[in-house]
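S.K.: The chain contents come next:
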Amino acid sequence: MFELPPVTEAWEFLQKNSVAIGPQLHLLLWALGMLIIDFVIPAGRKAVSALLALGGIVMAGLQLYLLRSSSPISAFYDTVVLDSFATFFSALFLIAAAVTVFISYRYLEIENEQHTEYYALLLFATSGMMFMAAALDLITIFISLELMSISTYVLVGFLRRRRRSNEASLKYFLLGAFSTAIILYGMSLLYGVSGTTNLIVIGEQAKLLQGNTLLILAVFTIMAGLCFKVAAAPFHMWAPDAYEGAPTAVTGFMSVAVKAAAFALFLRIFFVAFHEVRGIYVPLLVAVSILTMTWGNVAAVTQQNVKRMLAYSSISHAGYVLMGLVAGTELGVIASAIYLLAYTFMNLGIWAVVILLRRQDISGEQVEDFDGLYSRHPSLAIVMLIFLLSLAGIPPLGGFIAKYFVFSAIIEVAMDPSQPYASLMVWLAVIGVINAVVSLYYYFRIVYAMFIQEEYQPAPLSFSAGLLTAIAITGIVTLLIGIYPQPFINLARAATSPLL
Amino acid sequence: MVETTHYLILSTIVFTIGVVGVLTRRNVIVVLMCIELMLNSVNLNLVAFSDRFQNVVGQVFTVFVITVAAAEAAVGLGIVIALFRNKETVNVDEIDLMKW
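Listed in order, the protein sequences are those of chains A and B. Those letters in the first sequence? Residues 1 to 500, by my numbering. Those letters in the second sequence? Residues 1 to 100, by my numbering.
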């Protein structure tokens, strides 16, 4: 089955196959190159590496752009595939990485931790995510998942002189490694029942293995592990701590890109390999979705620290993305993809504003730090308002379109009596709507602080070109998805077609 | 004759010891060792299945798992040392700066 070609053909084989992983490969090589170039960058000028990182991201993006319209290319004995799903998510990760570089530069400057390694790790994590979106084999999935996770553990602990950062990193590492081991156990059982590690073959085998105990166990363990990675309740405990302690720019990256990557994997595994055994996991996934959005929202209401509040809000958003997965229809996958797209931009925007408030000895992490922002910087307050309303799902913003799609996907399934668990779906939709209302409360606490409260922190904000660019890009796209969603819907539709 | 089932039972026992250890032990280093136990139970599974199917994929997977586990342990110990420099403890109960 795995006969290696003779040496003379090996080079040809490599050339032919590496086309499909071109963007990831170049990003990896670029990051390695950055680590070497680091030796000749003088100590005070490490900020140059931010530009280098941006160069690498643009190069990978260009390569991805050139490969975009080709039909799916599967390579290396079907272990990776470059299809529209992989392209869509890779583009999303590259954009998130670029925005993260924009918002990191200033933050690291203030924290006095400007190092090339930071940007290199960011690129490593990004290429791991791109491999995750493209992976079609259990081994590839595992390696890419670890490439992303291990890089992120280090990024979370990057402020190594800060105890909070150390602690966040340790908690994230322990639970991350634990969840990886659980996913791996599921994978080994999956290999045990099917005799292969290829997702497509596993999908075909799953049809014949309905009701096999080991298969059910494998589905559940993999699901539990992935719920850890996307921070879905009851496996979300690490998220608030890791998000609060991590450098704020990394928190933004984690809450957006890492989550989207885990969801890309979730969608790929559950649609390609486990679609035939939907019956066994749907009720459990409904419960996880309900628990995730409720727990996230209720816990967010009580928070004083904005980073922690946004961490819980990001947990509740994971519950909404899961709704698309639960629906399991074409509309459901499209809804999940659109939700992740809109969420990436609005959430990164919020983190950019939080970083903007970080100045001198003010952390910018408390709700009070937003007091009187409107009277001092009206335009900034209005952009922040746009992001918050979008997160809450108010029309005509990106978040509304995302929620609209998720709910219509669920209701479509709930109205169809031939679908199993239709009544469960009704409950899921009802609880989802209630939660959307609850979330308004804590988003409006920040709005209240910005517009109604008197000024509390008179220290001037330190604007930087990178941060303003990040806020402008994310703000415009958030508005655009809401006002003119058609091109984004088409993108998501094209992206999800390989799964169905 | 040792059947695949025997290996499966052994790996399940090792995996359970690992999970229980992660959830109950308080020393970070012991928790790390328990995670290694879980990974090694996976390796047992993969090799046993590989032998049963007479195909090499499972063994290739095992090599990758061992390699990545080493990388993960290196990063994990690095994080523990960074924390130990700031607060001299390896007890997870004392790592409690952030709570909800």
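The set of hints was computed from the structure by calculation and includes no laboratory data. Small disclaimer: the values here were computed from a predicted structure and weren't measured. One should not assume that every hint holds.
[Unchecked claim] Derived list of chain B stretches under chain A, where covered just means 3 residues or more per stretch with a C-beta under 8 Å from a C-beta of chain A:
id: 1; region: 24-30
id: 2; region: 40-47
id: 3; region: 53-67
id: 4; region: 70-76
Cβ coordinates follow ideal geometry from the N, Cα and C atoms, glycine included.
S.K.: Each of the hints needs a verdict: does it hold here or not?
M.R.: Evaluation of the provided hints:
{"no.": "1", "hint": "24-30", "result": "violated (count 1)"}
{"no.": "2", "hint": "40-47", "result": "holds (count 4)"}
{"no.": "3", "hint": "53-67", "result": "holds (count 9)"}
{"no.": "4", "hint": "70-76", "result": "holds (count 4)"}
Hint compliance for this structure: hint 1 is the single one not met.
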